[in-house]
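K.L.:
Top to bottom, those sequences are chains A and B.
Everything in the first sequence is counted per the working numbering, starting at 1 for the first residue and increasing by one.
Everything in the second sequence is counted per the working numbering, starting at 1001 for the first residue and increasing by one.
Simulated from the structure, these hints should not be mistaken for lab results.
In this text, all values refer to a predicted model and were calculated from it rather than measured experimentally.
Take the hints with a grain of salt, since some may be wrong.
[As the list claims (entries may be wrong)] Simulated restraints on C-beta separations:
| no. | chain 1 | residue 1 | chain 2 | residue 2 | range |
| --- | --- | --- | --- | --- | --- |
| 1 | B | Leu1141 | A | Glu241 | 39 to 49 angstroms |
| 2 | A | Arg17 | B | Ser1165 | 52 to 62 angstroms |
| 3 | A | Arg122 | B | Pro1189 | 51 to 61 angstroms |
| 4 | B | Glu1173 | A | Asp99 | 52 to 62 angstroms |
| 5 | B | Ala1149 | A | Asn97 | 45 to 55 angstroms |
| 6 | A | Arg244 | B | Gly1190 | 38 to 48 angstroms |
| 7 | B | Ala1291 | A | Glu213 | 45 to 55 angstroms |
| 8 | B | Gln1294 | A | Ala250 | 13 to 23 angstroms |
| 9 | B | Gly1190 | A | Asp280 | 34 to 44 angstroms |
| 10 | A | Arg122 | B | Trp1410 | 17 to 27 angstroms |
Note that the Cβ used here is the ideal one computed from N, Cα and C, for glycine as well.
Listed below, chain by chain, are the residues.
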Amino acid sequence: MTRLAGQHLLGMRGLDRDTIYRILDTATGFRDISRRTIKKVPTLRGRVVLTIFYEPSTRTRMSFELAAKRLSADTAAIQVAGSAAQKGETLLDTAQNLDAMQLDAVVIRHGASGAPHFLAERIKARVINAGDGQHEHPTQALLDLYTMREHFGRLEGLEVSIVGDLLHSRVARSNLIGLATVGAKVRVFAPRTLLPPGLAETYGCTVCTTLDEALEGARVLMTLRLQKERMTSGLLPSLREYAREYGINAERLAKIRPDGVLMHPGPVNRGVELSPEVMDGPRSVILAQVENGVAVRMAVLYLILGGGEEAAS
Amino acid sequence: MTGVLIRNARLLDPVRHTDELGDVLVVGETIAALGPPATLSAADGVEIIDGGAGRLWVMPGLVDLHVHLREPGEEYKEDIESGSRAAAAGGFTTIVAMANTKPVADNAEVIRYVLERGRSVGLCRVLPVGAVTMGQAGETLAPFGELKAAGAVALSDDGHWLASSRLCRSALEYAQDFCLGLHMHAEDPGLSAGGLMHEGAVSTGLGLRGIPGAAEDVAVARDLILAEATGGRLHICHVSTARSVELIRAAKARGVRVTAEATPHHFTLTDEAVVGFDPNTKMRPPLRGVADRQAVIAGLADGTIDAIATDHAPHSTIEKDAPYEEAANGIIGLQTALPLALALWRAGGLSLLNMVERLTTGPLGVLGMTCPGLARGAPADLAILDPECTFDLTAAALMSKSKNSPFVGWQLKGAVETTLLGGRATYRRHESK
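Just chain A, with the same shape it has in the complex (with noise of 0.2 angstroms):
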């Protein structure tokens, strides 16, 4: 098993199986906590959790800083708008004035992929990356697999599909890696334009060619957010046609299994990718996997920040 006591989150990558099932199994203890009146346990006190975001985020960054709060540790956040970064400190500056600060650990999302991994090989607190680039978003695939256990009970063998703009994302990324880590059975499908070389050679995944290939048979249907900025980079023709073409509603839906469910790592297009009657609909666990990553991040802070190792020995 990987130790995580003191190790930075970097991604899914190098996270094997047994790894993946102790924060799974952590954050079910701490969701119960959630769900209590008074929703804070004194695990993590004395110690500081920074978030640092780059790019724009509202649950990501809140679920962060929320895990970090119900499990008593101190927070402070960077908003780069008005930080130093806007003003032209660079990422290396940054990061050496944040080790003067002595945090514990350093939650960040950044544009460039591999800017956590940059951070991580400069600076003394952990580093959990909250989204790079187009490279790795860990928690949310880790709250992903764990909203799929507790609806399916298992996840290996699980037949998941993952549907939208592959190109361009983390989330598929860190999905595709954490789901074949734990031996689920993935197909994909993206319109040709957003779908990126290799695919199935590094994720060991199916490549469908048509959207009901890979609908057929789907328990879990994973759908992905279209940047908008897709329709002026030449990839896409418009909105309308993505929707027409690609997105989910209801009678496309009806073709994965009766027991399938829909998810989506928000924020959602309405209308786009998904249509509100789905979206807002009896198979859509969207809002689950909101409430679980919180569970999720709790169980990440608090088996990196300590803890973690004196309750499993």
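Given chain A's structure and the hints, the job is docking chain B onto it.
P.N.:
Here is chain B on its own, set in the frame of chain A:
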């Protein structure tokens, strides 16, 4: 008169295609005599280098067609002195300085400045390249006649492809009036836009936006068509894809006046080296796939690619110590070219004399110059090396002001012992420690 006698060394002559033991006597600035092993004697005061019955190798001084010396304008990265020092330590005696200085070498003053600085430093023959377009902006032609008269040996907007086919055609035509070749950075900017590394399974895994091989192939194909149509002299810089090797090979067979170069990093590394996000694996064109690397090696072996050129591109930590996406493109290469070329030979990529040709006669031929080889009366520009010497490359051993090399930490085999420029030692390994 000073002199050097290299006795009983392995002499590699790419001009006569000979590889044999022998002596070389240098007197003053030229090779005074050559002879069978241990037959030449020296007058008093002549330094004697013992070749150890072939332990040391002697070849003509190496020539690098593609070097960014950063002077004038970016002397904090490199200057003509530090760049020349790195070149001499790498066995080079002639280096071709690219035109993307600040200001750009689109006028006689910059060309003359580089030539004069090169001469006064005196560690290398520094041959300047003039820009193809004013400010390398791709809009109006630079004054080729003025550049040539000032001493430019070639024309290049390196770093920028001439996206306008009309202008490219004019440049290929007009350059013929001055017997200058166009050194082209072949990259269609529309296809490479936003790209950070070779597009393939590795870029997918790393989430780094890809530069498809087609970005180079499309540009090379157009350039070849225009070279064929105009009869102009075209040189393709840093060839990186299998398809462009194939296109150049076919064009050469048709008689198109095209030459090409490849870098040590492209024949040594693939896109797998980017795993881990080391910014010293970021350059244009990017490190390509396995099949591309093999095709570049095959192109070097069969002469489709005429020259090994480093694309020595110094950047300071300000540009390089950053997340991959933000880091500047380019790596240094003057001190690693020879050991990496030797490694390619050892791996069976090409024959030894072939390798020497790609570093000497090949690049000079691209410029329309001839290499006299190891011949009596030739200028004593010589590289003397110990091919068996292994060393761990450290940043401290790099003479460049910048240390942006992915090969720092590598164990390399083949060290330059002494470099002679016109009979004078510009580098001695035992003195550099």
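K.L.:
Check each numbered hint from earlier against the structure, then list the numbers of those it violates in ascending order.
P.N.:
3, 6, 7, 8
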